[in-house]
Amino acid sequence: MSVATNHMHAGAAAAASASSFDPAAVRRDFPIFDTVREKPLRYLDSAATSQKPQAVLDAMDHYYRSYNANIHRGVYQIAEEATAAFENARKRVASFLNAASPREIIFTRNSTEAINLVAHAWGRTFLKDGDAIVLTPMEHHSNLVPWHILAAEKNVELRFIPLTSDGRLEVDALPGLLADGRVKLVSFVHVSNVLGTVNPATEITRIAHTAGAVVLLDASQSAAHMRVDVRAIGADFVACTAHKMLGPTGIGMLYGRRELLEAMPPFLGGGEMIREVSLTSSKWNELPWKFEAGTMAIAEAVGLGAAIDYLDTLSMDAVFAHDQALSAYTLEQLATVPGLRVLGPSAEYRGGVVAFTLEGVHPHDVATVLDRDGICVRAGHHCAMPLHEHMGLPASARASFHCYSLQEEVDALVHGLHAARKLFAR
Amino acid sequence: MDELFRENILEHYKHPRCHGTLEAADMSFEDANPLCGDRIKMDFRVQDGVLTQVRFSGVGCSISQASASMLCEHIEGRTLDEIKTIGRQDVLDMLGIDLGPVRLKCALLALKTIKAGIYGIHSDADDTEDM
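Protein chains in written order, with the working numbering: chain S, 1 to 426; chain F, 427 to 557.
Quick caveat, the hints were computed from the structure, so don't treat them as lab data.
Ideal Cβ placement from N, Cα and C applies to all residues, glycine included.
The reader is advised that the hints may include incorrect statements.
Stated by the list, open to error - Pairwise CB distance ranges (calculated):
hint: 1; chain 1: F; residue 1: E437; chain 2: S; residue 2: L158; range: 41 to 49 angstroms
hint: 2; chain 1: S; residue 1: E170; chain 2: F; residue 2: N434; range: 32 to 40 angstroms
hint: 3; chain 1: F; residue 1: L461; chain 2: S; residue 2: L423; range: 19 to 27 angstroms
hint: 4; chain 1: F; residue 1: Q479; chain 2: S; residue 2: D411; range: 19 to 27 angstroms
hint: 5; chain 1: F; residue 1: D516; chain 2: S; residue 2: L158; range: 29 to 37 angstroms
hint: 6; chain 1: S; residue 1: E359; chain 2: F; residue 2: E437; range: 19 to 27 angstroms
hint: 7; chain 1: F; residue 1: G503; chain 2: S; residue 2: P31; range: 27 to 35 angstroms
hint: 8; chain 1: S; residue 1: I32; chain 2: F; residue 2: P527; range: 16 to 24 angstroms
hint: 9; chain 1: S; residue 1: S66; chain 2: F; residue 2: E437; range: 39 to 47 angstroms
hint: 10; chain 1: F; residue 1: K440; chain 2: S; residue 2: S66; range: 29 to 37 angstroms
hint: 11; chain 1: S; residue 1: E408; chain 2: F; residue 2: D452; range: 31 to 39 angstroms
hint: 12; chain 1: F; residue 1: P460; chain 2: S; residue 2: P31; range: 44 to 52 angstroms
hint: 13; chain 1: S; residue 1: K128; chain 2: F; residue 2: L461; range: 32 to 40 angstroms
hint: 14; chain 1: F; residue 1: P460; chain 2: S; residue 2: L268; range: 23 to 31 angstroms
Said to hold, decoys possible - Reference listing, derived: stretches of chain F covered by chain S, where coverage requires no fewer than 3 residues with Cβ under 8 angstroms from a Cβ of chain S:
hint: 15; region: 461-467
hint: 16; region: 492-506
Said to hold, decoys possible - Chain F side only, calculated, beta carbon under 8 angstroms to chain S, not exhaustive:
hint: 17; residue: K440
hint: 18; residue: C532
hint: 19; residue: Y545
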């Protein structure tokens with residue numbers, strides 16, 4: 001079955017076959033950069049959402065034009081094709097994350113829903129009064145709020161791995177947090193969407209498992225940029241989202257270790273997630289469909305499959321090396337801007353995210369000045385209010401990269417920051 | 427952008443009017459824009475239905491700070507009834523620019539704070555104005 005996946009755009013292959021990764025060639029695969037507009041698009045907000053290559057657009061368009069049908073029910077040809085394409089996307093995700101089986105991949109709307117699924121179906125069932133959960137201060141709200149809700153409901157204590165002054169996790173403090181044996185879950189972000197810090201996921205998972213805790217890894221920012229091998233890391237649950245990994249919005253993924261998923265009750269009730277329904281009760285479907293109620297995002301799954309094919313062609317190692325090199329270059333260049341403070345660690349600990357503040361200029365104003373030159377950066381707290389509070393900042397500006405990001409975009413950023421300083425000098 | 431950072435906005439941002447706090451104010455109100463962390467506190471002194479003095483403090487971007495400065499300058503010495511009639515368009519007219527939905531929230535934070543303070547309660551009246 002290859003309906004969804006054989007529309008690889010020729011450009012990706014060309015870019016990847018070159019001996020060294022060429023972001024300018026990769027960029028040509030992304031039609032948004034060809035769109036005629038008043039000012040050039042310098043997109044430095046890929047941590048918010050990535051741009052989409054032609055191959056993804058084509059795959060989704062082809063689905064809607066050629067074999068749009070609901071899945072799992074119809075026995076006619078295009079329904080079979082749609083079902084096969086949807087399940088093929090699941091297989092692609094499973095191999096991309098190196099899951100033991102596609103049954104361990106649950107489609108959700110996004111990472112947030114994936115984490116909520118774990119909080120509801122696993123947390124409500126297996127956590128009890130007096131248990132504890134370990135999180136970190138650098139979590140996105142999506143990996144805080146579900147646990148706040150659960151903690152209030154279940155009288156569960158929340159503990160936090162402390163941060164070093166340069167924005168890394170003090171992993172040495174983790175055994176102490178686990179020592180009383182009450183921690184049932186360690187849930188943490190793989191790559192911080194603000195600090196850019198790449199957390200040592202394998203080491204944290206190993207320590208958590210030693211204490212008998214289940215591990216949830218928020219891979220929203222990592223799966224899109226680097227190789228995430230769920231079995232090598234050993235995490236029990238991994239949440240990620242398609243729209244940050246060159247795929248469409250509206251679909252995310254939860255990897256869950258099979259024994260855990262089997263033991264969990266469903267998350268949402270409805271069609272597809274059941275095997276038998278009587279008027280007063282129902283029997284759950286098997287994995288993974290037990291967790292997929294209602295018509296799923298079919299075109300989006302097809303697009304996600306195409307995005308994974310595209311990323312595989314580029315190679316995740318090449319994408320990550322590119323992100324890291326661009327971050328290192330950005331740190332170097334930002335050091336030339338007076339009054340600029342970079343948040344987070346040095347380049348060696350960082351993915352493709354660089355957040356900063358500029359003395360005397362509010363991040364919103366920074367973003368607005370940069371927008372004059374078509375430079376898209378994020379301004380605000382990036383859904384990480386506790387982290388900003390920890391750093392004593394109401395907000396920050398953030399530049400973030402993906403495979404199509406160019407050094408000249410960073411140069412434009414630095415140029416714009418000098419201009420912002422000048423404009424706002426009191 | 428040069429439009430967005432017109433001289434009058436930058437001027438008010440760099441040299442805000444009515445900036446500060448009032449000891450023993452008759453009314454005070456603080457509001458924040460949770461999306462961007464902007465925060466404005468308004469202190470009011472009122473006599474016989476007239477706002478005799480207003481001071482604002484807080485942190486925010488140029489648009490939120492400039493609109494606070496302009497609004498405070500505008501309302502000082504006016505009756506509370508007059509102040510209640512000030513709306514979103516008045517703020518945009520003062521700023522002299524059009525704003526997209528995100529920056530509109532920055533521009534209207536001061537007005538929201540003033541209205542909530544003047545009405546003495548958090549009014550829902552403006553909730554649709556900044557949508």
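Here is how each hint holds up against the structure:
{"no.": "1", "hint": "F/E437 / S/L158: 41 to 49 angstroms", "in the structure": "holds, 47 angstroms"}
{"no.": "2", "hint": "S/E170 / F/N434: 32 to 40 angstroms", "in the structure": "violated, 49 angstroms"}
{"no.": "3", "hint": "F/L461 / S/L423: 19 to 27 angstroms", "in the structure": "holds, 23 angstroms"}
{"no.": "4", "hint": "F/Q479 / S/D411: 19 to 27 angstroms", "in the structure": "violated, 49 angstroms"}
{"no.": "5", "hint": "F/D516 / S/L158: 29 to 37 angstroms", "in the structure": "violated, 45 angstroms"}
{"no.": "6", "hint": "S/E359 / F/E437: 19 to 27 angstroms", "in the structure": "holds, 20 angstroms"}
{"no.": "7", "hint": "F/G503 / S/P31: 27 to 35 angstroms", "in the structure": "violated, 57 angstroms"}
{"no.": "8", "hint": "S/I32 / F/P527: 16 to 24 angstroms", "in the structure": "holds, 21 angstroms"}
{"no.": "9", "hint": "S/S66 / F/E437: 39 to 47 angstroms", "in the structure": "violated, 59 angstroms"}
{"no.": "10", "hint": "F/K440 / S/S66: 29 to 37 angstroms", "in the structure": "violated, 59 angstroms"}
{"no.": "11", "hint": "S/E408 / F/D452: 31 to 39 angstroms", "in the structure": "violated, 56 angstroms"}
{"no.": "12", "hint": "F/P460 / S/P31: 44 to 52 angstroms", "in the structure": "violated, 35 angstroms"}
{"no.": "13", "hint": "S/K128 / F/L461: 32 to 40 angstroms", "in the structure": "holds, 36 angstroms"}
{"no.": "14", "hint": "F/P460 / S/L268: 23 to 31 angstroms", "in the structure": "holds, 28 angstroms"}
{"no.": "15", "hint": "461-467", "in the structure": "holds (count 5)"}
{"no.": "16", "hint": "492-506", "in the structure": "violated (count 0)"}
{"no.": "17", "hint": "K440", "in the structure": "holds, 5 angstroms"}
{"no.": "18", "hint": "C532", "in the structure": "holds, 6 angstroms"}
{"no.": "19", "hint": "Y545", "in the structure": "violated, 26 angstroms"}
Of the numbered hints listed earlier, those contradicted by the structure are 2, 4, 5, 7, 9, 10, 11, 12, 16, 19.
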